[in-house]
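We have chain A already, so just place chains B, C and D on it with the hints.
One letter stands for each residue in the lines below.
Protein chains: 4
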Amino acid sequence: MIVVMRTDATPEQIQHVIQLVQQLGMKAHPIYGTERTVIAAIGSKRDEYRQSLASSPGVDSVVPILAPYKVASLEVKRERTVVRVGPLWVGNSHLGIIAGPCSVESEEQTLATARAVKAAGATALRGGAFKPRTSPYSFQGLKEDGLKILATARAETGLPIVTEVMAATDVELVASYADLLQIGARNMQNYRLLEEAGQSGKPVLLKRGPAATLEELLLAAEYILNTGNQQVILCERGIRTFETHTRYTLPLASVPWLHQHTHLPIIVDPSHGTGHTALVPDMAAAAVAAGADGLIIEVHPNPETALSDGYQSLTFQQFAETMDLVRRVAEAVGKQINAPEPAEAICLP
Amino acid sequence: MIVVMRTDATPEQIQHVIQLVQQLGMKAHPIYGTERTVIAAIGSKRDEYRQSLASSPGVDSVVPILAPYKVASLEVKRERTVVRVGPLWVGNSHLGIIAGPCSVESEEQTLATARAVKAAGATALRGGAFKPRTSPYSFQGLKEDGLKILATARAETGLPIVTEVMAATDVELVASYADLLQIGARNMQNYRLLEEAGQSGKPVLLKRGPAATLEELLLAAEYILNTGNQQVILCERGIRTFETHTRYTLPLASVPWLHQHTHLPIIVDPSHGTGHTALVPDMAAAAVAAGADGLIIEVHPNPETALSDGYQSLTFQQFAETMDLVRRVAEAVGKQINAPEPAEAICLP
Amino acid sequence: MIVVMRTDATPEQIQHVIQLVQQLGMKAHPIYGTERTVIAAIGSKRDEYRQSLASSPGVDSVVPILAPYKVASLEVKRERTVVRVGPLWVGNSHLGIIAGPCSVESEEQTLATARAVKAAGATALRGGAFKPRTSPYSFQGLKEDGLKILATARAETGLPIVTEVMAATDVELVASYADLLQIGARNMQNYRLLEEAGQSGKPVLLKRGPAATLEELLLAAEYILNTGNQQVILCERGIRTFETHTRYTLPLASVPWLHQHTHLPIIVDPSHGTGHTALVPDMAAAAVAAGADGLIIEVHPNPETALSDGYQSLTFQQFAETMDLVRRVAEAVGKQINAPEPAEAICLP
Amino acid sequence: MIVVMRTDATPEQIQHVIQLVQQLGMKAHPIYGTERTVIAAIGSKRDEYRQSLASSPGVDSVVPILAPYKVASLEVKRERTVVRVGPLWVGNSHLGIIAGPCSVESEEQTLATARAVKAAGATALRGGAFKPRTSPYSFQGLKEDGLKILATARAETGLPIVTEVMAATDVELVASYADLLQIGARNMQNYRLLEEAGQSGKPVLLKRGPAATLEELLLAAEYILNTGNQQVILCERGIRTFETHTRYTLPLASVPWLHQHTHLPIIVDPSHGTGHTALVPDMAAAAVAAGADGLIIEVHPNPETALSDGYQSLTFQQFAETMDLVRRVAEAVGKQINAPEPAEAICLP
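Protein chains in written order, with the working numbering: chain A, 310 to 658; chain B, 310 to 658; chain C, 310 to 658; chain D, 310 to 658.
Note that these hints are calculated values from the structure, not bench results. Heads up, none of these hints are tricks.
Intra- or inter-copy, both count: the list cannot distinguish identical chains.
Cut-off 25 Å, straight-line C-alpha distance, at most; resulting in silico cross-link-like pairs (DMTMM-like, lysine to aspartate or glutamate):
{"#": "1", "residue 1": "K644", "residue 2": "E630"}
{"#": "2", "residue 1": "K336", "residue 2": "D317"}
{"#": "3", "residue 1": "K386", "residue 2": "E524"}
{"#": "4", "residue 1": "K386", "residue 2": "E321"}
{"#": "5", "residue 1": "K379", "residue 2": "E504"}
{"#": "6", "residue 1": "K336", "residue 2": "D369"}
{"#": "7", "residue 1": "K386", "residue 2": "E344"}
{"#": "8", "residue 1": "K452", "residue 2": "E504"}
{"#": "9", "residue 1": "K644", "residue 2": "D633"}
{"#": "10", "residue 1": "K379", "residue 2": "E344"}
{"#": "11", "residue 1": "K386", "residue 2": "D317"}
Since the structure is predicted, the reported quantities are computational estimates derived from the model, not experimental observations.
The following block holds chain A by itself, in its conformation from the complex (with noise of 0.2 Å):
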């Protein structure tokens, strides 16, 4: 890290943060520049230090010089990480496409979506039994009566399952049901959830929170890696901004940015990134052409009467539409979409 002093620091001072560096196990480094002096404290593994330093009298600021995250850096592991559960594949030239409606409401509403993203060429289901709704007065989810649709979803059309584990205490539960567990965008730094959604074994489809800088994404990813479990995918969907004619703003940049940092597969979500039907299409589009290595899609046969975010579902219609599109846009920047295996051969984990 760099400790950057004010103009006016004392000789004093500055041999005062010399001496602190040292003793935080540092090299110190100073340099005496035309207007100020900088020191530049070698060996650092601990962010703590450069906060406490910030308040050393004379200081200006510190300035980091490391990235704070470790495993989940493509500096550290080379190698791009591929996830597979049976017929998802994520990652380097597969495009993982998951598919289904906010909520599992009913059997007969999820079954029929089930078969029609597999029949449009999805290669997991998406669905929410346990829903973490901002109004205490909203539709809760179904809880396990929900992952048990879900089960009976995936025996018919061989799709992996994706559902959301709101508490860690959940864990288990919903890990005998799922393939693959999301970890919902209001609790990306909860931490306790994110040690045991690592521990459960399954692979963790972490979304990103709306406020979140991409290093503090990488900083729960490290929560989850360090649990020795490393099929983490991280999910793009949306951020608070003041714009207001979409629902969050979806920055795609953080699609190349992130593949440019770490290892890790990143997809994107297009209904939450953008809160309304008539957006997921070119955005579904353009999240692949900017290297997306998947994408998260809420489908409902109704939208219009859908008991959560009816607004920014797909019909079936739309959704196969949208799966046109995103196939050729997939061919023109290198990309496949694994056609989902057979039931009977699949290798669930």
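For chains B, C and D alone, coordinates are given in the frame of chain A:
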């Protein structure tokens, strides 16, 4: 809610929406304007309907009219809630001052700080035992040992203890030591935790998430209030914006806005809200002038060696000076800080 | 517009608003709901009324129903506007590619770049002669000498010239050289400049301000359209958000949103939108997949010595590779880049 | 500046950067860390170098050390600037209160307001004659007729006039009437206007753009200061964030931050900063507690019929009450509002 139709909506589409509104149990009231038709839907209780109606053919948008929060609303309860925990009074004309270290690091550090902040006029002691840290490589807190140290400090000073609980499974343990349970900004929408904290019966300090709207903050408070626990204090601690000269942006207008929409007291955290020691005193004063019902401030015996948040902690001397400033401003706006009562007489809940 | 009354509004306050609405020349249509009264005001033409009504006693808020932009609206003109300047076609299925250096630094640099971008398939040359720089100590551009160099490059390559005009008083001079006048992001709401540029009769490229909503962008376009100049191209170039890994956040969902609300073509600037050379190619591809009608990209013979924006400029080789990628994605989404026509045949306006 | 090399940078790349730094006239000082090399470049005067070095092969990023603003910096001029225009004193312990209507609508409205705000203790009169309006269909101001009305109000009350100038070509006209030229938020980076305003010799009130960083605000101020005009007042008026309950987010921490980095006085606009009459009084008080050197507040005889900004204007009564509150807080933090001097004695510049 108001359903706004597109200018090119057909009479059939308008009729379909009217019927759908009626099927959902609401009264439909169409208004035919010069350029477009809008349909007022009266009697709605559920936000879901708004979401699904937005996806009906010919609908441009759906505008909610009623605020989604209920129990927290000033329209429901006109009398302001005052939370009292021993010498800490928060609400109405009472200004509660919660001060102490970011993390409990040792008994010596915690006791010294407790004595200093009490002497300067604080009415409660803060200190983190369970620390939610962005990086898994940062100091994670002393856990139960930290809680014991806080209890020791309370025994000596009579100051009630405010400390964070990070997980639903920790609520029982933390509540057995703490006087006021703090829900951190990262966990504002950790609904299981909110419910557990509510059920503990302890007063709860709910910090605003850095990307949360004020409506979302009030809806999170409803999760607690719905358990029957009415002792909720809201805390503004800054939001994520494009500004980088401060750690977060502290939007003090949320204080009067909340006072005009909820009966719950609202305090301000100028330490996290700015992220710089040098900005804390002026923003503490500004918060009180804006009408805040209290402050939560980080204080450390020696910020340059703190294990967390050193760059935003005040020294004992700085805190004492800040309290002098705060007291003068409090008087100017008609608020008072309750002097801590003797330890013997303390009525902890 | 819809005037939402407070729940505690008195009958007198409701009556007062109804009368005020009528005095302002609108029809008042009150709707008495279960919890509050709302008053639909029909026939309003002026946004001012919305603002003033909001301050009437008993009013909670006023919700606009009609979009404030008119001439730019797709509801007014259903046919998409196509802007053509010689080989540059922008709109509908035509993808315009504007490329060149941030600043015109020398004839050599500009000519070399013009040749290279033409060879790679660009259909117009960009280059700044008048540079709006954040700091008064930065290079401010070659001014008229720069315009002359651009004219030389046009004479040789046949590429039309796109260059920024910073001040109303410069419009005549710049328009005497340029084929397409660029209004920079900082000047999106410099209304005098918008009017002058409109009156020049030249096509105008209007960049979105980094804090502007899409409504504000369309209203700024109306200032130009109202001069009778219909040749306006909108440009998304990124907004200010909390993200720091990119210079701005490039919200590509604005492309389909604008296509669904305006007939004007929209292009994307992935150079300013990301601020990093390494992110430009993928975001150029993503913009085209999102439906953009063109791109504006910074290219420099030697970015590491550029006088401005070196960190986001492509080399000639990088630009050629980006064009290959863009062409494949354009084909996938049904768009085509017009090959530059021979210089002899060029029909500049 | 500090050039941070990638961890996989080759010795040749490091050597190339060292040479490039030297060619650019700086001293290169490499530091070989445990994981990567950083190169301190000493003696840089130009921000351009930072930008171009960032695109050299093997470079990860370039970190600036020196602040880019100079003349505005507190490090350059330790003595705080006080701007005085007749009874209006702004800076140090002097609190300037600028109040009046958003727009000058008529002589009657303006004179009534001028008398009322003077009686309540304001020390200057604001009023817009040239109005930059988001929509071309909104009221655009009375232009020179408005300036004449303001002059009449000054003649009667002795209050100096603060009014906006929107275009470089209007500076001479507006400066012939105004005592303090206001540069609006939309024009903060209209550099030609800044230079013209500076050259007028009149004091300039520079409002922060809603997406501008504080560094950009200070650099905009440098454009004025560089004309030799030292009479610059900065104004915080809110930034664009995801918050929608207020028109803008008013980040009061910018007040102490600016006081710690510049000698220029800073005032606050709680009217635009909140956009709601009901929030203005508390935020006016908070601004003063945060250390602001003044306030600019919108006041209107009858906000519900105002031609602009009615929803955020105070009535005369509300303004008088706000002044009482402001006076008490000012006293608490050691500031004073100068009582308007008799009109005879006024020393306008």
